[in-house]
Amino acid sequence: MKKILLVIQREYMTRIRKRSFIVMTILGPLLMASAFVIPMYLATLTDGEKRVVEVLDETGWFYEKFRDTDEFEFKYTVKDLETAKIELLENDEFALLYIPRRELTIPSSGILYSMRQPGIDLKSYIRNVMSKEVETQKLRINLNEMVLSEEDRERAMKLPELIRTNIELSTMKMDETGGEEETFTEVMMAVSFVSGMIIYMFIFIFGAQVLRGVMEEKTSRIVEVIVSSIKPFQLMIGKIVGIAMVGLTQFLLWIILTFAIVSAFQLAFADQMPGPEVQMAVMQQDAGLTEALASGDDQQIARVFEIINSIQYDVILISFLFFFLGGYLLYAALFAAIGSAVDSETDTQQFMMPVTIPLFLSIIIANIAVYNPDGQLALWFSMIPLTSPVVMMARIPFGVPIEQIWISAALLILGFIFTTWVAARIYRTGILMYGKKVSYRELWKWLTYKN
Amino acid sequence: MALFVTENVSKHYAGHTALDKVSIEVPEQSIFGLLGPNGAGKTSLIRIINRIIGPDEGNLYFKGEKLQQKHIYRIGYLPEERGLYKKMRVGEHAMYLARLKGLSKRDATIRLKEWFDKFDIGSWWNKRVEELSKGMQQKIQFIVCVLHEPELLIFDEPFTGFDPINVNILKDEILKLRENGATIIFSTHNMASVEELCDHIALIDRSKKILDGKVKEIKNQYRSNAYSITFDHFDGLLSSLLDDRFEIMDEGEDEDRRFANVRIANGLESKDLLEKLVKTLNIHSYNEILPTMNDIFISVVKENEGR
Numbered sequence: 015m016k017k018i019l020l021v022i023q024r025e026y027m028t029r030i031r032k033r034s035f036i037v038m039t040i041l042g043p044l045l046m047a048s049a050f051v052i053p054m055y056l057a058t059l060t061d062g063e064k065r066v067v068e069v070l071d072e073t074g075w076f077y078e079k080f081r082d083t084d085e086f087e088f089k090y091t092v093k094d095l096e097t098a099k100i101e102l103l104e105n106d107e108f109a110l111l112y113i114p115r116r117e118l119t120i121p122s123s124g125i126l127y128s129m130r131q132p133g134i135d136l137k138s139y140i141r142n143v144m145s146k147e148v149e150t151q152k153l154r155i156n157l158n159e160m161v162l163s164e165e166d167r168e169r170a171m172k173l174p175e176l177i178r179t180n181i182e183l184s185t186m187k188m189d190e191t192g193g194e195e196e197t198f199t200e201v202m203m204a205v206s207f208v209s210g211m212i213i214y215m216f217i218f219i220f221g222a223q224v225l226r227g228v229m230e231e232k233t234s235r236i237v238e239v240i241v242s243s244i245k246p247f248q249l250m251i252g253k254i255v256g257i258a259m260v261g262l263t264q265f266l267l268w269i270i271l272t273f274a275i276v277s278a279f280q281l282a283f284a285d286q287m288p289g290p291e292v293q294m295a296v297m298q299q300d301a302g303l304t305e306a307l308a309s310g311d312d313q314q315i316a317r318v319f320e321i322i323n324s325i326q327y328d329v330i331l332i333s334f335l336f337f338f339l340g341g342y343l344l345y346a347a348l349f350a351a352i353g354s355a356v357d358s359e360t361d362t363q364q365f366m367m368p369v370t371i372p373l374f375l376s377i378i379i380a381n382i383a384v385y386n387p388d389g390q391l392a393l394w395f396s397m398i399p400l401t402s403p404v405v406m407m408a409r410i411p412f413g414v415p416i417e418q419i420w421i422s423a424a425l426l427i428l429g430f431i432f433t434t435w436v437a438a439r440i441y442r443t444g445i446l447m448y449g450k451k452v453s454y455r456e457l458w459k460w461l462t463y464k465n
Numbered sequence: 330m331a332l333f334v335t336e337n338v339s340k341h342y343a344g345h346t347a348l349d350k351v352s353i354e355v356p357e358q359s360i361f362g363l364l365g366p367n368g369a370g371k372t373s374l375i376r377i378i379n380r381i382i383g384p385d386e387g388n389l390y391f392k393g394e395k396l397q398q399k400h401i402y403r404i405g406y407l408p409e410e411r412g413l414y415k416k417m418r419v420g421e422h423a424m425y426l427a428r429l430k431g432l433s434k435r436d437a438t439i440r441l442k443e444w445f446d447k448f449d450i451g452s453w454w455n456k457r458v459e460e461l462s463k464g465m466q467q468k469i470q471f472i473v474c475v476l477h478e479p480e481l482l483i484f485d486e487p488f489t490g491f492d493p494i495n496v497n498i499l500k501d502e503i504l505k506l507r508e509n510g511a512t513i514i515f516s517t518h519n520m521a522s523v524e525e526l527c528d529h530i531a532l533i534d535r536s537k538k539i540l541d542g543k544v545k546e547i548k549n550q551y552r553s554n555a556y557s558i559t560f561d562h563f564d565g566l567l568s569s570l571l572d573d574r575f576e577i578m579d580e581g582e583d584e585d586r587r588f589a590n591v592r593i594a595n596g597l598e599s600k601d602l603l604e605k606l607v608k609t610l611n612i613h614s615y616n617e618i619l620p621t622m623n624d625i626f627i628s629v630v631k632e633n634e635g636r
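Residue numbers (our numbering), protein chains in the order written: chain W, 15 to 465; chain V, 330 to 636.
Incorrect hints may have been included.
What the hints assert, rightly or not - Listed next, the in silico DSS-like pairs over lysine-lysine satisfying Cα-Cα at most 30 Å (straight line): (1) Lys350(V) with Lys450(W); (2) Lys450(W) with Lys415(V); (3) Lys395(V) with Lys17(W); (4) Lys456(V) with Lys505(V).
Claimed, not checked - Quick partial rundown of chain V residues pointing at chain W, CB under 7 Å, derived from the structure: (5) Ala343; (6) Asn379; (7) Ile381; (8) Tyr406; (9) Tyr425; (10) Arg428; (11) Leu429; (12) Lys430.
Keep in mind that the hints were calculated from the coordinates and are not lab data. Keep in mind it's a predicted model, so treat the numbers as computed, not measured. For each residue, glycine too, the CB sits at the ideal point set by N, CA and C.
Just chain V, with the same shape it has in the complex (with noise of 0.2 Å):
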């Protein structure tokens, strides 16, 4: 069952469209992948699932009910451009923001302490906020984020600004809260992270969607046919092997091995390409090239410019 809902969202600029008849669904305790080039819209469609802005056209649900202001409560939403009150103490600015999403002063307390002893920050409670590093506000941020247990979670960039170790420290946490339950929208341009987490995703680009549905299956969609081989050096060209329904993309050798990337024709299966191979090479490793998302999103958005 989808958790939330778009249909036909548009919104309209003076001068431009911001979003032209958008409808993602994104699926109850999935990792949602919000993807899109720059000024695509992305943050138009996150501005408007979180009530920020109204759209012109369009209707939104979260789990089957038109989203009205009550629902977002059961939001929580870290934007791409976050900060907090440079003046103000940590902690009071931790419960400030938590009391604005519904909690009231005991929970706060409570789930505050339990999340500043589990990111091992306690001692900051009393620090003013511009003593913190930016990576360290980040992490505030995430945790007044998630701290009233939404049942939708949207993170824009969640990962800028953190080293290696608090990046996978913060994946973690994600995964986790997917486990506990929550529905997760994340839009990034990290196509490496969205390979590690995604199970779904959506692509926006010049205000329409592109592209949609499970990360595996669109990488099926999009895988090329194509094979790469390892194989021991051997007296001969590779071509002489193969007819013209396998066509060699690419070739090469270093000290000890050969290797060849080959496209075969559609209707034949990896298998054929083996056949003509192994008879005569010696072959090491022999794989399907699936294509990235760094390819599809490059490949889909550049078609779409052709248009």
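Next comes chain W alone, as it looks inside the complex (with noise of 0.2 Å):
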């Protein structure tokens, strides 16, 4: 045990001196906006399924304005607000979108209720349509009331002005007790691509210095005079795990370095800047939790505690730092594998494919199931222990049943101990293998190898 901290010591102080460590840590946090573009691109390729949004207009002023799209099918209704909510819980329709009728007022508001999380590309298309509409019946009634005079002509010069309108649209989630949870769309998609993306890089830098560590060691041949003092098990264990508290210790760094960021863009330019969503909610929640301590009082600090449990704060914490690291060390083990086999960089294509194709697919994966959180796709990649960690990440934001978090992640575990198995087997026999050009079948040979 003692080698090991050796080991994992020489791995941590001689990565983090490195000056590309400490330039990834300045870069990281500015790379990490740039990775939210191309998942918004892969987020157009959707599942397919058509689904049924119940229109319940008190104003009657959107009336089949809204047109079927790809994925969603608008139906009209006229019931009352409790009836329709009842319905859909019943019938198996994706959303209800209700606007309220205001007296007196131009309507300026809906709500979407549904039992999944509504994606937000339908929250901006019925904003969309909304706003336009509203926008012609104002201009409309502004037309109406004109009479051509200098008042009039002053006034028309106002007009751009006076009709622009905004739309708010709150959603509810509802669950099967037909209770309403507010939730924040916006929020739960910034964290579920954040943390999805952010594990899936993770793996990604991480594994690649695991093999590249691994490769150096055996093509500088000191293996061989480390493995004299160690078990090569302990050798891997410990460069695994002191790669994994690198990647920690930088993670730590770019939340630290983007929080300062943003604080210092947020306080210079206070009025223009519409706060981060997600850091808000969570700034909220600590207020909240802070005063409730504060103040001692243990009924308000349940309240909290509820509101907490209600967006699931803890399990996504909770659940990010085991799939991160699960997730890590799953791979890891394999990445080690390989670099233990080959002798040279170009060696390692053969066997980085059957490794890097579930890294690419669940990340894909993860931007359908951002959309689409319940879904089929969605459920049985966020299972298997190769796609679960970045795609069970990208779907707990939304609130997923615990029994099915627990069950992906008693997997994973199982998962990261059989990968961690195999790679030992194969790194053992493979760190003192030179020059031989090594084939898959020579791999299963290693593997059964008894020692």
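Fit chain to chain and form the complex, with the hints in mind.
The structure is reproduced here in structure tokens:
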């Protein structure tokens, strides 16, 4: 154990002091932002199920104004809200759009009820249709009242400003009991994207470091000196854990740095900049919690925790750390095995395919999952250990049944125990094998050597 | 007493046998040469002794105890294929390897400083490994290998990459280590250094041990009863002085001397040959031709191939 600590310490210290680590730590937060663009594009690829949105429009302004799209079908009904909500639960419809009537005012808000989390594309579509319609109506009212006078001309000048409308569309997520939960789609999507992407990047960047580290030890022939002092397994585990800690350090520094940058911008452009919703939500939670703790009111504390639980921040955080490490450990073992089997970088390619394909797949599925977190596709791929870290993390912010998380977590643990076992067997033979072009058949032989 | 014993050690890989029932005994405080052609199984045996790989069959004993993981801290190993982390600093690197062998931070620092002073390389401490030449790196590896004062040292081709001056320094250090009580297993293809350093040898060929014992005894065993003679010119043939119990293997002359190698039949002694010659010839030198380890190596391996 003491020996593993020495290995971990070496792996950690030599990497932390590298120039590339420092550069990445500074560039990371910037790269993260750009990493959003790709998933946004991929997100346009969706499941292809057509979902029904029922429209309960008390104003009557928007009848037949929502046109069916590739993904959504709009049905118009006239009934009271409560019945409509019950029917939504009974019929397996996707969502209910409720546009309440307000006395003497122009309609400017709607509520979207749904059992599942409505995607951002649906919301923006509704918002667009509504603003356009309201703008048209406003223009008509204004024109009707118009008499050509000096005064009117002035008023006409101000028309664009007058008719600008901002539609406020809040979403309500409903559960089986018919209760309503206010959710913040954008918050969830951001959390979902970011956590999925970070896990994906973490696995790739630091998995590659494990691969290169093992290859360096093999090609520089240091490995035989070391395995005469410690067991190959200790060396492998030490390297994997050491690099994991480098990753966690970098991640922590990214958070601190990103937070610092964002805070600095917010201070500088306090008025122009809308605060990132993720942060606001988190800060609200924190403020509430501190207040409650300060007041010492048990009931209030209980309520605050209830809110946190309803948004499942604890689940998000714990599962993020879990899937973050679990996914890394699973892949790092495979990367270590590949590194031990080859003599040079060019030989890695034939073995990289089976490792990178599930990783690529997982980020693609994750992007679909963000728009349909409860779909069959997302469900299954969040169970398979090779894809679950990324896909499950993309689903969790939208609320996943706890038993699904447990199953997925258990499978992931089994998964990385299995890959580590496989890797250790390949590794101990591979690191001492030089000048031999290794095939899959050869690897299989190594797996079955007894030792 | 034997410091290290292997008993019928075998190792099989898919399709071939690396070691076939190899038994060796390494006496305490000896330099034990482990010889054999390339691919004979030496490296496999050394790795098994270091517990890097396990044997399929057979037993290993360290000072009479069954070989266990705790013993590896009493073994120092300088592999044939050796390297260092290129980006690390020399001192830091040496510390790391020393501590992996179980030395405390304090002990490692003190001993390293001593050795660095001894080899006069103190100024390397803060250099990066990649700035050192290959020979310089080998020195570091040698230091790290002996630093924890192991009872058993295993050197696999220790002299490759060194210039003659450093080879001598290293030889002296190896002999000093033995004087101070260490036992050394020494694997090499350089037969000259085997003659110079080794007390015992074992020869492995095609995964089997085919010869072992004290170097002196082996040489005796392989002596061919041949003598080389140099003498002044004389009129006549050497063969006219000898009967058929003596075989002239080689004969020649240069400007002022003649020389000949003569093998004598079993049962005769060196004085029998001398008696025949001494009346007629002016003998300048008379020596028994002893086989070199090189000759023995080649003849034994060839003989084994013939089987």
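Verification of the hints:
1. Lys350(V) with Lys450(W): 27 Å, holds
2. Lys450(W) with Lys415(V): 24 Å, holds
3. Lys395(V) with Lys17(W): 23 Å, holds
4. Lys456(V) with Lys505(V): Status holds; Cα separation ~29 Å.
5. Ala343: 5 Å, holds
6. Asn379: 5 Å, holds
7. Ile381: 5 Å, holds
8. Tyr406: 4 Å, holds
9. Tyr425: 5 Å, holds
10. Arg428: Hint on Arg428(V): holds, closest Cβ of chain W at ~6 Å, below 7 Å.
11. Leu429: 4 Å, holds
12. Lys430: 5 Å, holds
This entry satisfies every hint, going by the numbered hints stated previously.
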